[in-house]
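Taking the hints into account, I'd like the entire structure generated from these sequences.
Each residue of the sequence shown is one higher than the one before, starting from 2 at the first, in this note's numbering.
Careful: at least some of the hints might be erroneous.
[Stated by the list, open to error] Listed next, the in silico DSSO-like pairs over lysine-lysine satisfying Cα-Cα at most 27 Å (straight line):
id	residue 1	residue 2
1	K41	K55
2	K50	K63
3	K77	K41
4	K77	K42
5	K50	K79
6	K63	K46
7	K65	K41
8	K65	K42
9	K50	K33
10	K55	K42
11	K63	K77
[As the list claims (entries may be wrong)] So the derived label-pair ranges between C-beta atoms look like this:
id	residue 1	residue 2	range
12	E39	K63	32 to 40 Å
13	K77	G57	30 to 38 Å
14	G58	D36	13 to 21 Å
Read the hints as simulated data drawn from the structure, not as lab findings.
Ideal placement from N, C-alpha and C gives every residue a C-beta, glycine not left out.
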Amino acid sequence: MILGKFNLRHFSNMGADFDTKTDYYRVLGVNKNADEGEIKKSYYKLAQKYHPDKTGGTTDDKFKNISSAWDVLGDKQKRA
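The following block contains the structure:
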């Protein structure tokens, strides 16, 4: 997935292991029974809000968490 000039999968693969205790649904603010469309819509909204280029880099950690959640929930196999 590409947003602007950045490949978001690049951010989630920068040596950060997935925390198995993190509730990715909560990170994206969706229910566990949310469909693909809801997850995608929530991700794009949060990614635009917390993107480091828009915020001057002040929300890098928040953006990385959002990207990690999308990496898992945006892929049907990983979400299962």
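Holds or violated: are the alpha carbons of K50 and K63 at most 27 Å from each other? 10 Å, holds
For the pair supplied as a hint, K77 and K41, is the alpha-carbon distance within the 27 Å limit? Given pair K77, K41 holds - Cα atoms ~12 Å apart, limit 27 Å.
Decide if the proposed pair is consistent with the structure: K55 and K42, CA atoms, cutoff 27 Å inclusive. 19 Å, holds
Would the pair K41 and K55 pass a check requiring their Cα atoms to be no farther apart than 27 Å? 20 Å, holds
Verdict for E39, K63 (Cβ pair) under range 32 to 40 Å: Given range 32 to 40 Å: violated, Cβ gap about 20 Å.
Pair hint K65 and K41, alpha-carbon separation not exceeding 27 Å: 16 Å, holds
Regarding the pair K65 and K42, is the alpha-carbon distance no greater than 27 Å? 17 Å, holds
Quick one, are K50 and K33 close enough, alpha carbons at most 27 Å? 22 Å, holds
Take a quick look at whether K77 and K42 sit within 27 Å of each other, Cα to Cα. It holds: about 16 Å lies between the C-alpha atoms, which stays within 27 Å.
Does K77 sit within 27 Å of K63, going by the straight-line distance between their CA atoms? It holds: about 23 Å lies between the C-alpha atoms, which stays within 27 Å.
How does the Cβ-Cβ distance of G58 and D36 compare with 13 to 21 Å: does it lie in that range? 33 Å, violated
Tell me if the beta carbons of K77 and G57 are separated by a distance inside 30 to 38 Å. 35 Å, holds
Hints 12 and 14, counting from the list given before, are not met by this structure.
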